[in-house]
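Required output: the full structure, derived from the provided sequences and hints.
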Amino acid sequence: MRQGPSAWLLLVPAGAWLLGMLVLPLVVVVVFSFGERGAAGGYVPAFTFANYLNLGARWAAFRNTLTLAPLGTLACLIIAYPLAYFLALRAPARWRTLLLILVIVPFWTSILIRTYAWIFLLGGQGIPALLEALGLGAPRLINTPFAVLVGIVYGYLPLMVFPIYVSLERLDRRLLEASADLGSPPWRAFLQVTLPLSLPGVATGCMLVFILLMGEFLIPAMLGGGKVFFVGNALVDLFLQSRNWPFGAAVAAALVLVMLVTVTLYMRLVRRWAGGRDDVSLM
Amino acid sequence: MDEDRTTRAAAPIAEFREAGKRYGSVVAAEALSLAIARGEFLSFLGPSGCGKTTALRMLAGFEAPTSGQVLLDGRVVNDVPAYRRPVNMVFQHYALFPHLTVADNIAYGLRQRRPRPPAAEIARAVDAALELVRLPGFGRRRIWEMSGGQQQRVALARAIVNRPKLLLLDEPLAALDRKLRRDMQIELQGLQRQLGITFVLVTHDQEEALSMSDRICILRAGRIVQVGGPRDLYDRPANRYVADFIGKSNFFEGRVAATDGDRATLTLAGGRSLDGRMPVPLQPGAAATASLRPEQIVLTRGPAAAGGVPVRVANRIFLGEHTEYLVESAGLGGFLVLVPRQAEADAGALEPGDLATAHWPPGAALILKAD
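So the sequence lines, in the order shown, correspond to chains A and B.
Residue 0 is where the first sequence starts when you use numbering that gives the first Met the number 0, and the numbers rise one by one after that.
Residue 0 is where the second sequence starts when you use numbering that gives the first Met the number 0, and the numbers rise one by one after that.
Hints in this document: simulated from the structure, not taken from any laboratory.
C-beta atoms are modelled at their ideal positions from N, C-alpha and C, and glycine is treated no differently.
Any given hint could be a false lead.
Stated by the list, open to error - Some but not every residue of chain A turned toward chain B, in silico, with C-beta under 8 Å:
#, residue
1, D171
2, R173
3, L174
4, E176
5, A177
6, A179
7, D180
8, L181
9, G182
10, S183
11, R187
12, V192
13, P195
14, L196
To be verified - Computed list of chain B residues with no C-beta within reach of chain A, every gap over 10 Å:
#, residue
15, V75
16, A257
17, T264
18, E323
This is the structure:
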């Protein structure tokens, strides 16, 4: 279809926003990443690869991010799928809206406050104390990767639930009848019809959670207690505390690159396994 | 041994015994009793909400009867889930799996069998099924690449490849355009003869039911009204509802004045009387309806010939092979007359306002129970 020039006008607001808020800052970050730190911090123009060669100093942050982000995504998926399935296909219709609202209710309170609550729940006076009272030992939970994972699942679960819910809710129930009619018991109908047809929702949910987790800093900062930190925490530190802007810029650029590579690989994988299906469009 | 086979062949492949289905206080089907013979083509016909789909879904196993029994091949299957029934269905909107190719859709049923048949055998059966529905070589296509008519054929192939004891068809042609529907009707009928599988069709389209079925079961408000061959239902409808549903008819309300064997005289509301054949005996004095098929009436130009009804032409609609006249008579009111193209050409067309006489052979009018 031929588009008139007026159709392109629709892109102007979003385009201007992206140019000013994403493309230009990214250019600045890349330019800074080749610069040098001034004596009192900040940025001095230069052209050096020293910042990139020094990335190994922040290896732990990258390692944590690249293990806990996929792990957190997986944990969200494992918990969200049965929940979304129940909401879309099993919950009584008149309860569905209420139950869906309950999934969003945590968003009504700031993530900061909710994560703060977990500090107490996982801290010495919380769950460990309870376990000790029950004679099950007193494991250290707070400031561990486990605590960060709990925070991640808690904070990101709705983002996984909704795309999966939508894809399951859209599922044509007659397909399940057709499957039963052709001799497939319910569990096989799930594996052969429901699951494959809900994969677009799964792919979207995973993408959403994973991308946001790669940039996460609040949850590791509060529940990881400086021991389990993400790239996001390294950036906060470099820009705000040590004021080493060029090195911070290099770390940021590296994170963008890593993200680009992983997301591209992920999309390739999804596309291959979707086998050219046109109903899997990812996002 | 041979005797055993004959009794088996004579036993119905499926049966409803006083089968009913209620949803709370809503009755979808009430005390259905019907035997479906091996190899026949049976249609459930009726308007929406008459219970025809419920009947079909009870055979498929999607609904369990709340009273009575449903039998398949002599076995009560009330509690047998759909996936354990040797029955397959062609769904109204096909319900093809969008994530599978045409071939994988057709193979779906065979792959559910345990032990699972070898891949080569499945591939052969799929190819044969595609051949049968005249879609050879379409196996690797995606569902969304197929037209509505082709999807219909895939749905058919997906069901018949399993060689079910019963093939259930839920308004399978409703989504097709008129010409395609005609072609598919002929094809379905041919396929049924070729395969010898019992077909059970649900439709609201009387033409579809008449053209394909060996027997038609007419339903109304969850109950069976009449079961019979297409000609039976057309010539000997049990009541006005059936006459109205099967074919087009003119109806004249009145009371039975006198009866003589299977003949009766009806006194119409206007005082006129009308003679006719009475397929179901009625008592004198009973409220009744005379049904007169438009194609059984002959129009001749000019006023009142002996024995005819004088009419005035009110309207004329050209239908191709027929012309439909709406005529008015002082005693009978308005009614329709269907004149074949050739008859009209021979006698010359009548124009609105023309005077004419309507005749019909004795026994053409049916005196039916009013309902």
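| said: The hint names A/S183 as touching chain B; please verify it with the least Cβ-Cβ distance against 8 Å. | reply: holds, 5 Å
| query | Going by Cβ atoms only, is A/A177 closer than 8 Å to chain B? | reply | holds, 4 Å
| query | Are A/A179 and chain B close enough, Cβ to Cβ, to be under 8 Å, as the hint says? | reply | Holds: closest Cβ of chain B sits about 4 Å from A/A179, inside 8 Å.
| query | Regarding the hint that A/G182 lies at the interface with chain B, is the smallest CB-CB distance below 8 Å? | reply | Because about 4 Å separates A/G182 from the closest Cβ in chain B, which is inside the 8 Å limit, the hint holds.
| Are A/P195 and chain B close enough, Cβ to Cβ, to be under 8 Å, as the hint says? | holds, 5 Å
| Can we trust that B/A257 is non-interface, i.e. its beta-carbon lies farther than 10 Å from all of chain A? | Given a closest Cβ separation of 55 Å, the condition holds.
| query | Are all C-beta atoms of chain A more than 10 Å from that of B/V75? | reply | holds, 19 Å
| query | Would the least Cβ to Cβ distance between B/E323 and chain A come out above 10 Å? | reply | holds, 39 Å
| said: Given A/R173 as an interface hint, is its Cβ closer than 8 Å to any Cβ of chain B? | reply: Constraint on A/R173 satisfied, holds at 4 Å.
| field | Interface restraint verdict for A/D180 against chain B (beta-carbon cut-off 8 Å) | value | Status holds, d = 5 Å.
| query | Does the interface hint hold: is A/L181 within less than 8 Å of chain B, judged Cβ to Cβ? | reply | It holds, given that the least Cβ distance between A/L181 and chain B is near 4 Å, below 8 Å.
| request: Closer than 8 Å between Cβ atoms is the bar; does A/R187 clear it against chain B? Give me holds or violated. | output: holds, 7 Å
The earlier numbered hints are all upheld by this structure, with none contradicted.
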